[in-house]
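Colleague: Listed below, chain by chain, are the residues.
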Amino acid sequence: EAGVAQSPRYKIIEKRQSVAFWCNPISGHATLYWYQQILGQGPKLLIQFQNNGVVDDSQLPKDRFSAERLKGVDSTLKIQPAKLEDSAVYLCASSFTGTYEAFFGQGTRLTVV
Amino acid sequence: AQSVTQLDSQVPVFEEAPVELRCNYSSSVSVYLFWYVQYPNQGLQLLLKYLSGSTLVKGINGFEAEFNKSQTSFHLRKPSVHISDTAEYFCAVSEVNTGFQKLVFGTGTRLLVSP
Numbered sequence: 001e002a003g004v005a006q007s008p009r010y011k012i013i014e015k016r017q018s019v020a021f022w023c024n025p026i027s028g029h030a031t032l033y034w035y036q037q038i039l040g041q042g043p044k045l046l047i048q049f050q051n052n053g054v055v056d057d058s059q060l061p062k063d064r065f066s067a068e069r070l071k072g073v074d075s076t077l078k079i080q081p082a083k084l085e086d087s088a089v090y091l092c093a094s095s096f097t098g099t100y101e102a103f104f105g106q107g108t109r110l111t112v113v
Numbered sequence: 001a002q003s004v005t006q007l008d009s010q011v012p013v014f015e016e017a018p019v020e021l022r023c024n025y026s027s028s029v030s031v032y033l034f035w036y037v038q039y040p041n042q043g044l045q046l047l048l049k050y051l052s053g054s055t056l057v058k059g060i061n062g063f064e065a066e067f068n069k070s071q072t073s074f075h076l077r078k079p080s081v082h083i084s085d086t087a088e089y090f091c092a093v094s095e096v097n098t099g100f101q102k103l104v105f106g107t108g109t110r111l112l113v114s115p
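Those sequence lines, one after another, are chains A and B.
Residues 1 to 113 in this note's numbering are what the first sequence lists, from first letter to last.
Residues 1 to 115 in this note's numbering are what the second sequence lists, from first letter to last.
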């Protein structure tokens with residue numbers, strides 16, 4: 001069974017530039033999550049989708065972060081403009097609806113310089 | 001709102017020794033509990049979960065955890081560790097019966113296994 005796919009694996013950008021991350025969840029998983037993991041901390045939920053609808057985006061910095069899941073499958077997370085404090089690993093996860101087991105991708109490591 | 005405390009940021013242990021990684025949580029509602037492992041440059045992998053039933057939960061790779069409601073704890077244990085267990089371990093909670101899983105993670109414990 002294919003896992004959660006994320007790209008790119010690594011990205012280095014200058015502050016004030018924009019960046020986008022892509023996630024392809026496990027086939028059949030209606031629920032998709034984006035987490036931000038800052039070095040030395042646990043992952044923090046940014047946004048959660050159920051199919052193509054947003055369930056929870058209470059911790060998403062909406063002035064600079066945006067995410068979409070137009071067809072209820074793939075998702076993109078965008079940062080514009082990036083700040084130094086956005087340097088982190090961005091993890092995508094997915095799960096079947098109503099289950100309590102999320103499967104995580106390998107993440108995208110973002111460095112903002 | 002829930003919170004998770006992992007008091008030990010790093011736990012060094014020798015190979016074949018037992019280990020316990022501590023996790024305490026705070027919540028005003030019932031929660032589900034999870035332990036995830038993260039190997040270097042990898043995503044998180046579920047080790048085990050407590051949803052209901054027996055408070056002693058067995059997971060993959062020989063790990064187990066015990067849910068203690070009165071002490072609001074969910075400590076992770078392994079009787080004999082291997083070098084390959086070196087990784088970051090995260091405890092997480094999720095509110096019961098919301099219909100969707102919203103994990104709140106602790107800050108993690110780095111397990112360092114040496115020969």
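Accuracy of the hints is not assured; some may be wrong.
Just the calculated beta-carbon pair ranges, DEER-fashion [to be verified]: (1) E85(A) to D8(B): 46 to 52 Å; (2) N51(A) to Q2(B): 23 to 29 Å; (3) I38(A) to D8(B): 44 to 50 Å; (4) E101(A) to E20(B): 43 to 49 Å; (5) L84(A) to S3(B): 23 to 29 Å; (6) P61(A) to E15(B): 28 to 34 Å; (7) P40(B) to A2(A): 19 to 25 Å; (8) G28(A) to E66(B): 31 to 37 Å.
Subject to a maximum C-alpha distance of 27 Å in a straight line, what follows is the list of computed DSSO-like cross-link-like pairs (lysine-lysine) [to be verified]: (9) K102(B) to K78(A); (10) K71(A) to K102(B); (11) K78(A) to K62(A); (12) K44(A) to K58(B); (13) K83(A) to K44(A); (14) K44(A) to K15(A); (15) K102(B) to K62(A); (16) K49(B) to K44(A); (17) K15(A) to K71(A); (18) K69(B) to K44(A); (19) K69(B) to K102(B); (20) K49(B) to K78(A).
It is worth saying that the hints were derived from the structure and are not from the lab.
Keep in mind that this is a model prediction, so the values were computed, not measured.
All C-beta atoms in this analysis are idealised placements derived from N, C-alpha and C, irrespective of residue type, glycine included.
Colleague: Of all the hints numbered above, which does this structure not satisfy? Sort the numbers upward.
Modeller: 1, 3, 4, 6, 17 and 20
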